[in-house]
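Protein chains in written order, with the working numbering: chain L, 1 to 291; chain Y, 1001 to 1291; chain Z, 2001 to 2385; chain G, 3001 to 3385.
These aren't lab readings, by the way, just hints derived from the structure by calculation.
Every residue, glycine too, gets a C-beta built ideally from N, C-alpha and C.
There's no promise every hint is true.
Unchecked claim - Short derived list, chain G residues pointing at chain Y, Cβ under 7 Å: (1) D3155; (2) Y3156; (3) N3160; (4) F3163; (5) K3169; (6) K3293; (7) S3296.
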Amino acid sequence: MSILIDKSTKVIVQGITGNAGIFHTTLMLDYGTLVVGGVSPGKGGQKVIDGRVPIFDTVEEAKKATGATATCIFVPARFAADAVLEAADAGIDLIVCITEGIPGHDELVFANVVRQKGARLVGPNCPGLLTVGQANIGIIPDNIFIPGPIGVVSRSGTLTYESVDALTRAGLGQTTCVGIGGDPFIGTRFIDVLPLFEADPETKAVVMCGEVGGSDEEIAAEYIKTMTKPVIGFIAGLTAPPGKRMGHAGAIISGTSGTPQAKVDALKAAGVAVAESPSQIPGLVKLALGL
Amino acid sequence: MSILIDKSTKVIVQGITGNAGIFHTTLMLDYGTLVVGGVSPGKGGQKVIDGRVPIFDTVEEAKKATGATATCIFVPARFAADAVLEAADAGIDLIVCITEGIPGHDELVFANVVRQKGARLVGPNCPGLLTVGQANIGIIPDNIFIPGPIGVVSRSGTLTYESVDALTRAGLGQTTCVGIGGDPFIGTRFIDVLPLFEADPETKAVVMCGEVGGSDEEIAAEYIKTMTKPVIGFIAGLTAPPGKRMGHAGAIISGTSGTPQAKVDALKAAGVAVAESPSQIPGLVKLALGL
Amino acid sequence: MKLYEYQAKEILKKYKVPVPAGAVAETVDEVRSATAKIGKTVVLKGQVHSGGRGKAGAVKLAKTSDEAAAIAHDLLGKTLFFAQANANLKVNKLLVEEALAIKHEIYIAITQDRTTQRDILIVSTKGGMDIEAVAEESPEAISKTPIDPLLGLTDYTARNALFAAGYDKTLIAKTVPVLKALYAAYIGSDAILAEINPLVITDDGAVIAGDAKWLIDDNALYRQIDLQSFGDSSEDDPIEAEAHRRGIQYVRLEGGNIGIIGNGAGLVMTTMDEVKRAGGAPADFLDIGGGAKAESVRNSLEIVLSDPNVKGVLFNIFGGITRGDEVANGIIEGLAALDVKVPIVVRLAGTRAAEGAAILKQTNLVPAETMQEAAEKIVALALKN
Amino acid sequence: MKLYEYQAKEILKKYKVPVPAGAVAETVDEVRSATAKIGKTVVLKGQVHSGGRGKAGAVKLAKTSDEAAAIAHDLLGKTLFFAQANANLKVNKLLVEEALAIKHEIYIAITQDRTTQRDILIVSTKGGMDIEAVAEESPEAISKTPIDPLLGLTDYTARNALFAAGYDKTLIAKTVPVLKALYAAYIGSDAILAEINPLVITDDGAVIAGDAKWLIDDNALYRQIDLQSFGDSSEDDPIEAEAHRRGIQYVRLEGGNIGIIGNGAGLVMTTMDEVKRAGGAPADFLDIGGGAKAESVRNSLEIVLSDPNVKGVLFNIFGGITRGDEVANGIIEGLAALDVKVPIVVRLAGTRAAEGAAILKQTNLVPAETMQEAAEKIVALALKN
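Next up, chain L with everything else stripped away, as it sits in the complex:
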């Protein structure tokens, strides 16, 4: 078991013929991910990566030919919104958008369309997701993972790697790791991922890495109160000044909204063990699991 993806998930890659597309698709394949095709308009009929991956002109064709249910989008920001819409229209269930720098208005539009179609969007501006030993959709480095009972969800890429690495070094393996992305408007939020971990029999505890900006952590805290599984939290940006965007478009304290302290307080009130440093995460997980 796992959440969202496993070794039988058929994946296509939109924007596969770009540098990032080829590079990461190769890594995804090497990890065992079932990448069944790529989309690159005008290059349909070709094959890439030593002939392992057939290219299609449209997502619709790719889906029809391969039965793909998931897509990973690497196309540049100005074309990314169209790629998400195309995937949703073609009936793809899981749309993972790695692309950073998409205009907010486009995000508002496609997030709505994806929801109406009943599909799920992860990202944009995210590292993707990985189910240990089974499938990797996106750019998460796979060599830091070992199998185990911990689910990981995070707004940040490298901070996730840091946390996962700490877990692995402490012998705490993972089920699935979901990078939900750093933009203010993302398709999948903490509140959407936590119920999946709660329902997954293999996941015994969840590590959730938040950061300044917005109120997704506070919303998640309300749900955590109802969870049976322990959640270990971390919030980045205790020293972030208000009014300044900290790299991520979503990481900004606006007035009284989005402060790290409010998030820490909300999580603690929900019974979450909040680490002060990523290095404390493994210890808190062990404590929560009685190890």
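The hints should help you fit chains Y, Z and G onto chain L, whose structure is shown.
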């Protein structure tokens, strides 16, 4: 029983303070329709029709205050699309739009939105619908109806009255009469109404009046093949020339599409008794019901 | 509302769809100077509301200003037969345009589609040909793609439509923006048909609208202020044009002899059909609409009688909002104002039918109880006449 | 990207949102002639990236050209303190506008809302006041209405927002079109905030945007060709402005002493937090991004060291796409090109961390195994310094 509306259906009227709104709302009330309010932006707080109907500024307020589930729209064509969208957004289930002359592009937009919200639109450019002895939403003259087992559905207003009048004179009463409207883009088509009559235990036979233009009759014919109840059909416009709009925006033969003969043929192939004149309808109904 | 090619191209220009350099001209001098300004071979196209203009002799090439002037001298004011419109139409204006160096031609149209309840984008890679002929001969060269009305024409939708029609893959990137601009023009002008046939890909790789057929939604004219002046009914049937001016829903029918007036489109069509069944031929479709007042009834009668083929008139009114007495009064007014020489049969039913019948008793109009009876009576009277 | 009021009003004009007659002026002469042209009492408004300009003394009324010229002479080139921006800002331009005869003032804003994942329309009937103050004192005067991104701002949505805020019912019909035009301007310019405070209803019933605050989505600037020239970083921190020019994600932090460079926003923020926990104060946020090359690492080091408050630099790299050896080479390049006088601690983990560490062995940089160790080391070294 009946379809779509009955005496417990709570109805509001959008555009109630216009001439048509006041006139027809009065008739609707006199028939026993449960008109619980009206909407006229800026006139909220007033009452009309001898103080019987409270006015609200917005559909949302009207729905909250009255629990209405249906609306009847009388606003002029240039404001009608907005009225339909407002009703759908406020969560009204049944939206009856009488207004004629709405731009086609607006109709395409609101038909989609209504569908997404899970609501039902009847019309536009329709006379509305009437459940005999219970409720009348729209402008159908109620004095031609008597209770009985016949369901009536029609693209045309006065032709419906003619047909109903003929049924009534022959002693054949009606359950519900639905005027679906004469525009090319309408929210409820034959194919949407027929299953409701098929499922309604009180309806024993259906009279369906079509006309030239489009292929809704042909689509309906496919469904009729699966129906257990007899359908008696009539198609107006056997003498209509191609390429000319016959009053209704939807009543036009375009090339080989929308010809009356194709409709008659499709209906006959589906086992429908097709009348050559409205005066033949009662006889065919009696034949079908073995009366 | 139908537009002329030059009007459609003004819309295209506004929405940045590339069109050939050109100008519309009404005189030989204007044609000469427009040709000189373009400075290369031009095509002269007669501006009429019809396709198939080449076959009708209304499209000519000219290499020089003199040649253009000579053609203009011949074409301007000339009446030609256009098979597609099945009508003789007079050429009042010429569109003078640079002749394009054509490498490829495709067909592009956007129109409202009843079946899908969407706008659809139609692409045919057989440009310059009639789309119905292509549909029969090489259906694989045509794609029809519904457009989401809330998202509009997205890049991927335009692209996929071109792929589906088998379009040259190397041309897709430069054609997609033209399709999106065309869609913007279509929506922005409240069109119900926007057809570009051919869309030309030139030798130097430009994508340009060679021709344009454009229909505007009459219901949306109230918000298309700039387009209202584009209306030109000079090619329409004169009685239809007059009815239109008076706001009356009237369609003239060829070869008819019985004038039809009724309320409600379906009922009027049915009345036409009944007249045919009774052995007559309907001369028109006229719907007085719901709640008609006496004046519009009188007006309608005048329109119907202005057709010299009409040998008798049938009124068929089923009153709902429309009141029988109001209609009767309108007929009385009409009789007083007009010199009516043909028989009139009146069938009134529904709201205030009895009151209407009473009013008409004073006249020599023939009453009827049912539609069928009315049709039979008017046919008998008109034939006897 | 922040706009000045006069720039925002150019956008408003383009989308037909009424604005007062006026002109922007950079010299006393220009102010004089603009005032003369308007021909009535004007208001002179200093153009700075801050609200609260009245309180700062940057907004003045003038009845005559001479009076306007005198004020302009005083204000142009002057540096004033703006409490809202918490900064001294220089007035380089004045917007000269007709003074409006104000009957009502309301507050209108459209902005992206994270909670509803929608654009929201905010209406407050307490115009001219700070919205946060109104939210505390009279929340019933404020309505917040989500806008469907596919339908845009419909009439009913605008109307209902005005009703919900308790707006004068008699003014709704003429205010709705202004709100719709404002929404079109907001979407058309890819704004993330469009605030009109006050929206003025004048004595003669016109609805006019009195002031305008406007933020553009930086991610959308590629398609806002006309707006790119509106960017003005003259009020920004000079190091931030330089970093921005070089395409580096850098935020300067007040009162810091340890320069921070890392990869990934969350990791860099966490590194800042660790430095604080170790007793230091982060001097900046700098994210070299994913897959950074040696050159951008060198560039980043130069930016961080250009802050004289920086007493030490901490590199914290967790390699994924970013490779430890590439980063190490960038640091070597930086050390060679720059005269580095402060200690540097480098923590490399993940992809090619060992190779990176080997490269750095030749230098006097201090290695660290973990983030915590790195933070403690740099703080100790920087304080000792």
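Problem - Non-conforming hints, listed in increasing numerical order - result: Violated hints: 6 and 7; rest satisfied.
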